[in-house]
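**Q** Now for the letters of each chain:
Protein chains: 2
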Amino acid sequence: MGNRDYACPPSDVQRVAIPPPQPFIKSLKYSLKETFFPDDPLKKFKNQPASKRLVLGLQYFFPIFEWAPQYTLQFLKSDIIAGITIASLAIPQGISYAKLGNLPPILGLYSSFIPPLIYAMMGSSRDLAVGTVAVGSLLMASMLGREVNYLQNPNLYLHLAFTATFFAGLLQASLGLFRLGFIVDFLSHAAIVGFMGGAATVVCLQQLKSILGLQHFTHQADLVSVMRSVFTQTHQWRWESAVLGCCFIFFLLVTRYFSKRQPKFFWVSAMAPLVSVILGSLLVYLTHAEKHGVQVIGELKKGLNPPSVMDLVFVAPYVGTAIKTGLITGIIALAEGIAVGRSFAMFKNYHIDGNKEMIAIGTMNIFGSFTSCYLTTGPFSRSAVNYNAGCKTAVSNIVMSIAVMLTLLFLTPLFHYTPLVVLSAIIVSAMLGLIDYQGAIHLWKIDKFDFLVCISAYVGVVFGSVEIGLVIAVAVSLLRLLLFVARPRTYLLGNIPNSSAYRNVEQYPNANHIPGILILEIDAPIYFANASYLRERITRWIDEEEDRIKDTGKTSLQYVIMDMTAVANIDTSGISMLEEFKKTVDRRGLQLVLVNPGSEVMKKLNKSKFLDELGHKWIYLTVEEAVGECNFMLQTYKPNQMKDESQGWNNV
Amino acid sequence: MGNRDYACPPSDVQRVAIPPPQPFIKSLKYSLKETFFPDDPLKKFKNQPASKRLVLGLQYFFPIFEWAPQYTLQFLKSDIIAGITIASLAIPQGISYAKLGNLPPILGLYSSFIPPLIYAMMGSSRDLAVGTVAVGSLLMASMLGREVNYLQNPNLYLHLAFTATFFAGLLQASLGLFRLGFIVDFLSHAAIVGFMGGAATVVCLQQLKSILGLQHFTHQADLVSVMRSVFTQTHQWRWESAVLGCCFIFFLLVTRYFSKRQPKFFWVSAMAPLVSVILGSLLVYLTHAEKHGVQVIGELKKGLNPPSVMDLVFVAPYVGTAIKTGLITGIIALAEGIAVGRSFAMFKNYHIDGNKEMIAIGTMNIFGSFTSCYLTTGPFSRSAVNYNAGCKTAVSNIVMSIAVMLTLLFLTPLFHYTPLVVLSAIIVSAMLGLIDYQGAIHLWKIDKFDFLVCISAYVGVVFGSVEIGLVIAVAVSLLRLLLFVARPRTYLLGNIPNSSAYRNVEQYPNANHIPGILILEIDAPIYFANASYLRERITRWIDEEEDRIKDTGKTSLQYVIMDMTAVANIDTSGISMLEEFKKTVDRRGLQLVLVNPGSEVMKKLNKSKFLDELGHKWIYLTVEEAVGECNFMLQTYKPNQMKDESQGWNNV
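As they're listed, the protein sequences go chains A and B. The first sequence begins at 10 in our numbering and counts up by one. The second sequence begins at 10 in our numbering and counts up by one.
Each hint should be verified, as a subset may be incorrect.
Put simply, identical chains are the same to the list, so a pair is met inside one copy or across any two.
[Said to hold, decoys possible] Derived DSBU-like pairs: lysine-lysine, alpha-carbon spacing no greater than 35 Å straight-line:
{"hint": "1", "residue 1": "35", "residue 2": "591"}
{"hint": "2", "residue 1": "86", "residue 2": "365"}
{"hint": "3", "residue 1": "559", "residue 2": "592"}
{"hint": "4", "residue 1": "591", "residue 2": "454"}
No lab work stands behind these hints: they were computed from the structure.
The whole structure should be built from the sequences, with the hints applied where relevant.
**A** This is how it looks when you write it as structure tokens:
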């Protein structure tokens, strides 16, 4: 082990290796594999007969074939309980969210019937409960509403919603098929917290319409427009509606609080929306409140989903809106579905393949758009109920689907008298749970930049629109990545006492400075975006060091050691920068020394002849060795003997 | 120094420090300073009296006050020679480029009069020769031409060109003032090589019009349109024009080749364009070729620049085009000017402040737009001539400016008979020098991705348009940065024999594997964009290691050591990933060990309580120490004694 002294002869040093050249095709193949197949999904297909491969392929796309053979009666019991629980949540929420999307309420039920069945076959999560989501519904309403008025042209609006769902599904499935799932990763957790909070706020604001019993309301979703709309018509407020709404919100919040405290009674909060609907309907039916300003759902058509393949709109002015809406809602829905699936998979310690999930969610939306459903995904609240209710497999989705089917066939007339204000109360109570202010505080404490991402997404959604918020969130997140590359940190290293390690002197104030030697660490790849900055910054380090030496009158600076451990890669701009920097350093009479460049960097430095310029002897494996050699030179330095040494520090 | 043996007791280990908490404002200030003031421009203002500060400030914005006092007669002699040389190049080039931009030829002379004077006062480069550029002229023609036809509405077109120049200057100066110069860095060298090559190709193609003597020509700039335009009117080709053009191109290329070989005779190629113009004009004058299909410049107005402040267009439909054109041409011109200034500064070993240069170039364009000039910057070819001619300071620009002034006052009638085909020949010969195919080959050899950036910029410009090429180049460059963060490399480390260093086993095939311990290195910050990928990739490393152990039957895996040296930063998504990963590792009966997290990472791990979860004892300063301790545990491992150890590897 390396216990050489400072002033050792420059002999038995381990050299930094230049990796052997690889054929271009091979390294391209490797990069493509790491980019698109990091999880190596084809591993189990290797060395298998064709029939086995077919079975494995079928199991890949339809995980139901994987788990169905092991399914037990015990599982069925748990899944039935979970399925009925989520159905009782899905029915009122489905109707509410469809109203939020300005769609016929029955669509909420349709969407809880077909998509869960498809997901049960194709999805790999055991806990995801499929259904419509508030944010997606709101986005549909606001994006489609800009093109078509849902009151004047309800049919076209409906068909556009199906078309948007179709494109959302197409996008989701293609992302999965082409292994581009990592695009979803660019929506950071912080962005999603802010975005969801903003969307929830906006959705709650929209509910003021039904809660205050207003007839006219703004079509804008931002805070300013809604507040103006609410406070310009104070004389229109209906106190009956408001009282009813507040009571139900209170009831729902209390049950949620109770279930949170007592996880055993998860069903209390899960059943509360259905109970509210029943109570509200009864109340209206008995008091004839619908004639006193309390709006009700009205007639709901009995029967299962009608087909809607022929309703998809592919004609010029509308298809553009549908595609745009589909892309944005599709990405948002996907991000939520994948995140929810992953978190529950983590709790139960099984693996979720993101790309496979995307194919499942995408297929379910494509088929949904053919059967009168609109955008579905795996909402967090419903999946959490499913998980708490003890679901074992995706069979709970099938049970929910059957329960919804029975409702569609027989129970729709019961919703005739359901007051809209109850639906609003259900939405508000669900949305309040999405405003994760504690999450935002946590972000602030740990990472200020993440907080900035979160808060700008929130402000963008609340004061601008959902799309603006989304764009801001992604832009700020990307800015962070770009800033990281454009402005990498550089550190001054010192020797940790009683150790061969050299570390950042800011973090380790006891680290020792080595006279005559400046040791720097660069913390990022050297790319075009930071090459100029790094040149300036490193030059400043040298200037500051020389100023310091001038003040203290110690050994003059002779060596600049750059620890390249963290420099993962370099491009041609980076190499030009190093070449220029070497010239500058030479001119100042200093010797540049590199430590531990990685394989990529060594390969490129070698190809670009920079290694020859610098001299391979000035590249060391560890800072310790480099310092050892430099010290040896410094101590045995005699001008006449050293003529063969680099011109750099000879002409000091 | 650390020469502990493998099986040492876990006692005298140097701990990884958690940096003391800093007030938010202080770290924000530090980040802002590093982002916007990495070169510390205010350093010299510190501790100075107010009067001195004023002088320094004046010198900052007008470097002429800095160097003028030291100006000598010797310098003047050199500068006069250089100035006359570049003037003889500037006059024909200026006229040619103005024609290229569909502007009155006289504008080319105007633009070589006022802007160089301003730059001489404000610029910090000693070698930059100011003037118009071909690419900028072409861009103006194509972008403004889309809004206004220069033949039908020449006045409006001209005024829009001034307005675009004004906005270009405004953008350039603001980038400099607000210290946003690093935006230009995002145009990588590779992108510029491809972009310039593509633009040069497109400009050459445009010259086919005058060289073939065609009357009608496409307004598109892409290869396909131009080729179609040329080959659909073969019957219109004029051989007189073509012969003349080819002769002059040949003459110009031969002189360039000669001057390149014999740098002493730099003036041969510098004078060649002027000689061509004189020869061509004489030829036309004597043979009356203008009556036989050879187009000539015609009347040029005598006199200096008329003011054009009142011509700037700020009305609705046009100002948008002007702003867009200004932004794009401004950025391109800036990138060229800064790059040229920097490279010559490097040759002569003086420093150029990018932000200061931007203010200078921006101011010169703003004032240019007030005095009938259009977009100017520091073109490479002219600056190279200036440098070769031995210029000492920016006075050579003043000399050029005076020469152009004299031309404007007395010599413009001489250009009446100058054939357009000579101007085309001048443009073609200048453009051929911009197609840097050797540069592209160099990129291919060293960095395939840079080559991709370059070639896609080229293809985008040649087959699409200049803007498309620019957007593609920036997008592909950014994609590289994002891919770097999204798909960081992870390496397996091994012990280098006879050393305490642990390095990538791919680069050092002789590095030794330590039984029972998996050592990984992560080569990028852990951010939202790569957290999922890293979790999957590291899990795959563990799976592969366990498979390997199963096959060979060696010591089972007990420790996973992650070297965090290169992990410069982490965000909340990254921390969640680590938390999840730790749970997974625990569940598999492994112990997670971190090595050398940097100060940022330690701070955040501490705040997020991850340190408490992991146990501070599982974080080491060096891989050597971590391996030493793990080995100690492995060797002295007895289940009963170790009850107080982490649950992780207890329940193996």
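**Q** Each of the hints needs a verdict: does it hold here or not?
**A** Going through the hints against the structure:
With identical chains, the CA atoms of residue 35 and residue 591 are at most 35 Å apart both within one copy (33 Å) and between copies (34 Å). Taking the shortest alpha-carbon separations for residue 86 and residue 365, only the intra-copy value of 28 Å comes in at or below 35 Å, while the best inter-copy value is 74 Å. For the homomeric pair residue 559 and residue 592, the shortest alpha-carbon distance inside one copy (23 Å) is at most 35 Å, but the shortest distance between copies (53 Å) is not. Proximity of residue 591 and residue 454 under a CA criterion of 35 Å is satisfied inter-copy only: 22 Å between copies versus 42 Å inside one chain copy.
Against the hints set out earlier in the document, no violation occurs for any number.
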